[in-house]
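Line by line, the protein sequences are chains A and B. With the working numbering applied, the first sequence covers 1 to 262. With the working numbering applied, the second sequence covers 263 to 587.
Worth flagging that the hints you see were computed from the coordinates, not collected in a lab. Ideal Cβ placement from N, Cα and C applies to all residues, glycine included. Where hints are given, some of them may not hold.
Residues from chain A shown here face chain B by an in silico Cβ test under 10 angstroms; the list is partial [claimed, not checked]:
#	residue
1	V82
2	C110
3	T113
4	S119
5	V164
6	T215
7	W218
8	G219
9	K226
10	G230
11	W233
12	I237
13	M241
14	T246
15	N251
Take a look, some chain B residues computed to stay more than 10 angstroms from chain A by CB distance [unchecked claim]:
#	residue
16	N417
17	W450
18	F541
DSSO-like cross-link-like pairs, simulated, lysine-lysine; straight-line CA separation at most 30 angstroms [said to hold, decoys possible]:
#	chain 1	residue 1	chain 2	residue 2
19	B	K496	A	K258
20	B	K432	A	K226
21	A	K260	B	K394
22	B	K383	A	K259
23	A	K226	B	K444
24	A	K259	A	K3
25	A	K3	B	K394
26	A	K259	B	K444
27	A	K260	B	K432
28	A	K226	A	K155
29	A	K3	B	K383
30	B	K269	B	K394
31	B	K394	A	K258
32	A	K3	A	K155
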Amino acid sequence: MNKLLLTGIIIIGILTLAAVFAPFISPYDPNQINEGSMLMPPSRAHLFGTDSLGRDLFSRMAYGARISLTIGLLAVGISTVVGIFFGSVAGYFGSWADSLIMRFVDIMLCFPTFFLILSVVAILEPSIYNIMIIIGLTNWMGVARLIRAEILSLKEREFIQAEVALGASHPRIIFYHLIPNAVGPVIVSAVLGIAGAILLESGLSFLGLGVQPPTASWGNILIEAKSTLGVAWWITIFPGMAIFVTILGFNFLGEGLKKKIG
Amino acid sequence: MIAYILKRLLGIIPMLIGITLISFLVIHLAPGKPTTIQQALNPKVSLEVRDRLEKLYGLDKPLPVQYFNWLNRFIRFDFGRSFADDRPVTEKILERIPLTLVINIISLFLIFLLAIPIGVKSAVRPGGLFDKSSTAFVFIFFALPGFWLALILMNWLGVQLRLLPVSGIKSLDFEYLGFWGKLMDQAWHLVLPIFVSCVGGLAGLSRYMRQNMMEALEQPYIYTARAKGLSENKVVYKHALRNALLPVVTILGLSIPGLLGGSVIFESLFALPGIGRLFYEAVMMRDYPLIMAELVIGAALTLLGSLMADIGYACVDPRIRYKKQ
Chain A
1 MNKLLLTGII IIGILTLAAV FAPFISPYDP NQINEGSMLM PPSRAHLFGT
51 DSLGRDLFSR MAYGARISLT IGLLAVGIST VVGIFFGSVA GYFGSWADSL
101 IMRFVDIMLC FPTFFLILSV VAILEPSIYN IMIIIGLTNW MGVARLIRAE
151 ILSLKEREFI QAEVALGASH PRIIFYHLIP NAVGPVIVSA VLGIAGAILL
201 ESGLSFLGLG VQPPTASWGN ILIEAKSTLG VAWWITIFPG MAIFVTILGF
251 NFLGEGLKKK IG
Chain B
263 MIAYILKRLL GIIPMLIGIT LISFLVIHLA PGKPTTIQQA LNPKVSLEVR
313 DRLEKLYGLD KPLPVQYFNW LNRFIRFDFG RSFADDRPVT EKILERIPLT
363 LVINIISLFL IFLLAIPIGV KSAVRPGGLF DKSSTAFVFI FFALPGFWLA
413 LILMNWLGVQ LRLLPVSGIK SLDFEYLGFW GKLMDQAWHL VLPIFVSCVG
463 GLAGLSRYMR QNMMEALEQP YIYTARAKGL SENKVVYKHA LRNALLPVVT
513 ILGLSIPGLL GGSVIFESLF ALPGIGRLFY EAVMMRDYPL IMAELVIGAA
563 LTLLGSLMAD IGYACVDPRI RYKKQ
């Protein structure tokens, strides 16, 4: 096991535990407004301090970890499934299906992702589910290209030709033989994609167009950092640090896996 | 070469149609008519605005007809009027473009200026001290959320040290400054935004440059160059670097969507009147004509960027234009 992979697993492991056990590790209710303790600096009572409504930052961030990790995982789940579908159809069937799908991919890649996501958010309401789906549906193109390239080269190999000669059906060849053999690079790109999705979500929430308050997300906690600039450093530092470490963790994991898979 | 350019130019027509089609579908994504959504979200929308919307999109007609009408206006750069202040959308966008353009061109220039030498130096001695430390920086820069970095720098350099302005593009005494004073004042306001928008791209490009350079250094012609006794400098900078630089040209075009997307956050954060902030405002106000126009223009700019990059690539590397014919 290489160092990158190990570091990644440890970071993501800790974060996942924090997210899963958020109700147990949070000393306070994350949405409990407390007028007596507004903008308190970190102390023994409030490990990461409190925000302008007196809510405990540590508790909010623990619950925020749930939101960020869930959105990251599910968004990438969606984009991976969509990408594998389009990529394998394009790669396997070739001809017009391939050109049609690949032109579609090229067109989708022209849109600045953030513009596309914001446009959809402007029409639908920003909710956790919408954000997840939108991020998923605007980020599948990389996976589609990847799996198409893999399948194009796998298709020529003897074991696939043997399957064809044996009369295996198209879905059987695609799902039982091609996709399992192309899965390595897809896993790597999915892990790196989670980092990207979490970054997108935090950016959206920071703009006020992602996860809506009072539900805590690392991005929307940072909204308040803007108005408390120079007053409450902890509101800037801790949530940003959480995003940074999470992305670092997934990048380590992804790069480590890339090295291991080869 | 001319045949190649013509072929590429023809190729963008279906792409443009695709872009407008997707943008058109995005606005029709909403269940029901866009007008009813507009009303539900913003009860202040008057009947008059609703009528105008209906007319703008020709909502009483079937979808294909609506699309062609809309496309017809788009071709003539008629994007309708903004809901927010009733000004023509084209005018609003045009006045915001220069700032975004300046910020992104300077950022791109700085990114290339720094990333290429960093990538080359890392690749020349992989695993060396420089390579290791630059790799560490790449990981850190990649993971830094740009807006968080911006907040920290605003806090530190702006609020605490009072070295740099944190918002807007002009100081309060801007009107009283001379020409150079005005220019310096604006440049001063752009230091932080440009720095922040460089960080992610710098990490990405230096990594990409390192990869290219390592591949170039393993080519047979490098062995030949070394074998005939050329100095190491000549081998690296003349033979390897030139070849490693070729694919970097295409990155220029590919980096446009990222920069445009990033400008939404940075321009909102630093209160800069560019198209990113305009887009943010449009989304907040649900100003559909403006959103649609920016969506299409953003995608068209990307398309243009990649087209220019491809043509540039074909200019410097003849293999490309023969291979693709």
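(message) Let me make sure I understand: some of the numbered hints might not hold for this structure. Which ones are they, in numerical order?
(response) As far as the earlier hints go, 1, 5, 6, 16, 18, 19, 26, 27, 28, 30 and 32 are violated by this structure, in ascending order.
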